[in-house]
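K.L.:
Please put together the full structure from these sequences, using the hints given.
Protein chains: 2
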Amino acid sequence: MSHTAEPDTAPAYEPTGRTVPTRGRDRASYDRELVHSILDSGYVCHLGFVRDGAPVVLPTLYARVGETLYVHGSTGSRPLRMAGQEDPGLDVCLTVTHIDGLVLARSAFHHSVNYRSAVIHGTAYQVTDEDEKRMALDALVDHVVAGRSADSRPANAKELAATAVIRVDLAEVSAKSRAGGPNDEPEDMALPHWAGVLPVAPVYGAPVPSADLAESVALPDYLTALG
Amino acid sequence: MSHTAEPDTAPAYEPTGRTVPTRGRDRASYDRELVHSILDSGYVCHLGFVRDGAPVVLPTLYARVGETLYVHGSTGSRPLRMAGQEDPGLDVCLTVTHIDGLVLARSAFHHSVNYRSAVIHGTAYQVTDEDEKRMALDALVDHVVAGRSADSRPANAKELAATAVIRVDLAEVSAKSRAGGPNDEPEDMALPHWAGVLPVAPVYGAPVPSADLAESVALPDYLTALG
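Protein sequence lines, in the order shown, are assigned to chains A and B.
Position 57, counted from 1, in the first sequence is what this note's numbering calls 84; the numbers after and before it change by one each time, with no gaps.
Position 198, counted from 1, in the second sequence is what this note's numbering calls 225; the numbers after and before it change by one each time, with no gaps.
It is worth saying that the hints were derived from the structure and are not from the lab.
In this text, a Cβ means the ideal position worked out from N, Cα and C, and glycines have one as well.
Hints may contain errors.
[Claimed, not checked] Derived CB-CB ranges, DEER-like:
{"no.": "1", "chain 1": "B", "residue 1": "P38", "chain 2": "A", "residue 2": "D79", "range": "26 to 34 Å"}
{"no.": "2", "chain 1": "A", "residue 1": "A188", "chain 2": "B", "residue 2": "L187", "range": "50 to 58 Å"}
{"no.": "3", "chain 1": "B", "residue 1": "D248", "chain 2": "A", "residue 2": "G93", "range": "46 to 54 Å"}
{"no.": "4", "chain 1": "B", "residue 1": "D67", "chain 2": "A", "residue 2": "A173", "range": "32 to 40 Å"}
{"no.": "5", "chain 1": "A", "residue 1": "E242", "chain 2": "B", "residue 2": "A245", "range": "47 to 55 Å"}
{"no.": "6", "chain 1": "A", "residue 1": "E159", "chain 2": "B", "residue 2": "R45", "range": "27 to 35 Å"}
{"no.": "7", "chain 1": "A", "residue 1": "D239", "chain 2": "B", "residue 2": "G51", "range": "17 to 25 Å"}
{"no.": "8", "chain 1": "B", "residue 1": "A188", "chain 2": "A", "residue 2": "L253", "range": "43 to 51 Å"}
{"no.": "9", "chain 1": "A", "residue 1": "E41", "chain 2": "B", "residue 2": "V47", "range": "38 to 46 Å"}
{"no.": "10", "chain 1": "A", "residue 1": "L187", "chain 2": "B", "residue 2": "D158", "range": "55 to 63 Å"}
{"no.": "11", "chain 1": "A", "residue 1": "Y249", "chain 2": "B", "residue 2": "R54", "range": "25 to 33 Å"}
{"no.": "12", "chain 1": "A", "residue 1": "D58", "chain 2": "B", "residue 2": "A188", "range": "32 to 40 Å"}
{"no.": "13", "chain 1": "A", "residue 1": "L187", "chain 2": "B", "residue 2": "A188", "range": "53 to 61 Å"}
{"no.": "14", "chain 1": "B", "residue 1": "V47", "chain 2": "A", "residue 2": "R54", "range": "31 to 39 Å"}
P.N.:
Printed below as a string of structure tokens:
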């Protein structure tokens with residue numbers, strides 16, 4: 028049984044009651060390309076679900092394949108088990124956030140952060156088709172380090188059985204972002220406080236080989252490119 | 028009316044049904060110092076709450092003051108409004124995650140991520156006391172850039188009225204972390220795939236002054252130290 032609707036390819040996602048923010052609407056976007064770029068430049072999302080009426084938010088890896096987001100975990104983990112047990116699936120919210128800079132204004136009030144975030148509302152279903160599951164697991168590895176799934180031993184039957192994969196369709200999605208310098212009040216411009224942006228970005232360090240790695244195994248190109 | 032209990036100063040938070048993970052218990056900790064260090068080395072959390080029965084996860088700034096976490100936002104923003112309207116407060120989950128490295132194993136299955144995360148379950152209340160609100164706003168600015176609140180114009184009455192602050196006590200809290208290299212299976216050790224860790228950390232770039240900043244305003248020491 029497939030829960031997937033025909034993929035929508037309109038240039039923007041359709042706004043809904045819960046993807047239109049009550050505040051900061053000028054920072055909201057439904058542009059498909061922008062959403063994809065935010066999702067594709069990260070690999071950790073914060074997955075929210077409701078358990079016994081209360082919210083739970085857990086960090087987890089994800090990968091986008093077309094208009095679907097995949098998340099994986101142990102078959103024993105709570106949200107993955109809940110997605111499998113519940114019908115029709117588990118209500119989730121997945122949020123991906125990149126911080127690009129700290130915005131320092133002359134006034135405390137106008138301090139801000141430059142960021143790009145994507146928020147996905149939807150229903151998570153367990154992936155039961157083995158081909159889709161393998162494809163999703165490859166995508167999860169390649170989403171963190173492009174090219175890596177082809178350069179590692181694929182999951183065997185036992186590992187595959189111990190891994191649960193859930194899928195959420197990208198339908199109810201919004202992006203939000205802020206860029207640029209501080210928006211100080213005109214009457215604050217002459218204050219003696221420094222104003223501007225302190226950029227911030229994740230940076231990779233030098234790869235650390237396992238102590239037990241044979242010397243004959245060279246650092247692969249896809250890591251040299253990242254480091 | 029204060030919602031604050033006498034602060035607990037035991038070396039560890041008391042585990043509860045929802046802070047004991049179903050999986051990966053060896054990675055869970057309730058150590059107070061560890062939780063504090065995870066919270067203090069970040070400034071963006073993912074705030075989860077339930078709206079119309081469905082989960083919502085939004086990125087937002089936070090600051091820890093003792094055994095309390097503060098979050099601020101516009102008085103019009105959804106969770107902050109909900110925390111003010113509802114009695115007794117709004118059920119929330121706040122999660123802070125640091126990614127320290129990508130763990131590349133010989134097998135796809137043993138790929139992992141080195142991380143430190145803290146998950147806080149609790150009830151958010153609006154801060155109505157003006158002194159506490161000002162203290163929390165200073166803490167929020169200083170939590171992002173230490174020393175900054177003293178070097179900016181404090182909020183005036185209008186700005187203070189436009190800002191909502193919510194507080195969550197640190198009581199039901201857990202940390203989770205992973206460190207070290209890949210845990211490959213003995214039978215995979217001879218495979219020709221590189222194995223190890225690719226460290227990753229947020230790095231600050233050179234500060235970018237506002238185009239309208241007077242040349243007489245020098246870069247403050249607290250930014251030189253960060254950059």
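K.L.:
Evaluate each hint against the coordinates.
P.N.:
Hints, verified against the model:
1. A beta carbon spacing of about 28 Å between P38 (chain B) and D79 (chain A) agrees with the range 26 to 34 Å that was offered as a hint.
2. A C-beta distance of roughly 57 Å is found between A188 (chain A) and L187 (chain B), which places it inside the suggested range of 50 to 58 Å.
3. Distance hint check: the CB atoms of D248 (chain B) and G93 (chain A) are about 49 Å apart, consistent with the given range 46 to 54 Å.
4. Hint check: D67 (chain B) to A173 (chain A), Cβ distance near 33 Å, so the stated range 32 to 40 Å holds.
5. At about 51 Å, the beta-carbon gap between E242 (chain A) and A245 (chain B) stays in the expected band of 47 to 55 Å.
6. Take E159 (chain A) and R45 (chain B): their Cβ atoms lie about 31 Å apart, and the range 27 to 35 Å holds.
7. Against the hinted window of 17 to 25 Å, the Cβ-Cβ separation of D239 (chain A) and G51 (chain B) comes to about 23 Å, which satisfies the hint.
8. For A188 (chain B) and L253 (chain A), the Cβ-Cβ distance of about 47 Å falls inside the hinted range of 43 to 51 Å, so the restraint holds.
9. Separated by about 40 Å at the C-beta atoms, E41 (chain A) and V47 (chain B) satisfy the suggested range of 38 to 46 Å.
10. Judged by the Cβ atoms, the range 55 to 63 Å given for L187 (chain A) and D158 (chain B) holds: they are separated by roughly 58 Å.
11. Look at Y249 (chain A) against R54 (chain B): about 28 Å separates their beta carbons, and that is inside 25 to 33 Å.
12. The beta-carbon spacing between D58 (chain A) and A188 (chain B), approximately 34 Å, falls within the hinted interval of 32 to 40 Å.
13. Between L187 (chain A) and A188 (chain B) the beta carbons are some 57 Å apart, a value that agrees with the proposed interval 53 to 61 Å.
14. Between V47 (chain B) and R54 (chain A), the C-beta spacing of about 38 Å keeps the proposed range 31 to 39 Å intact.
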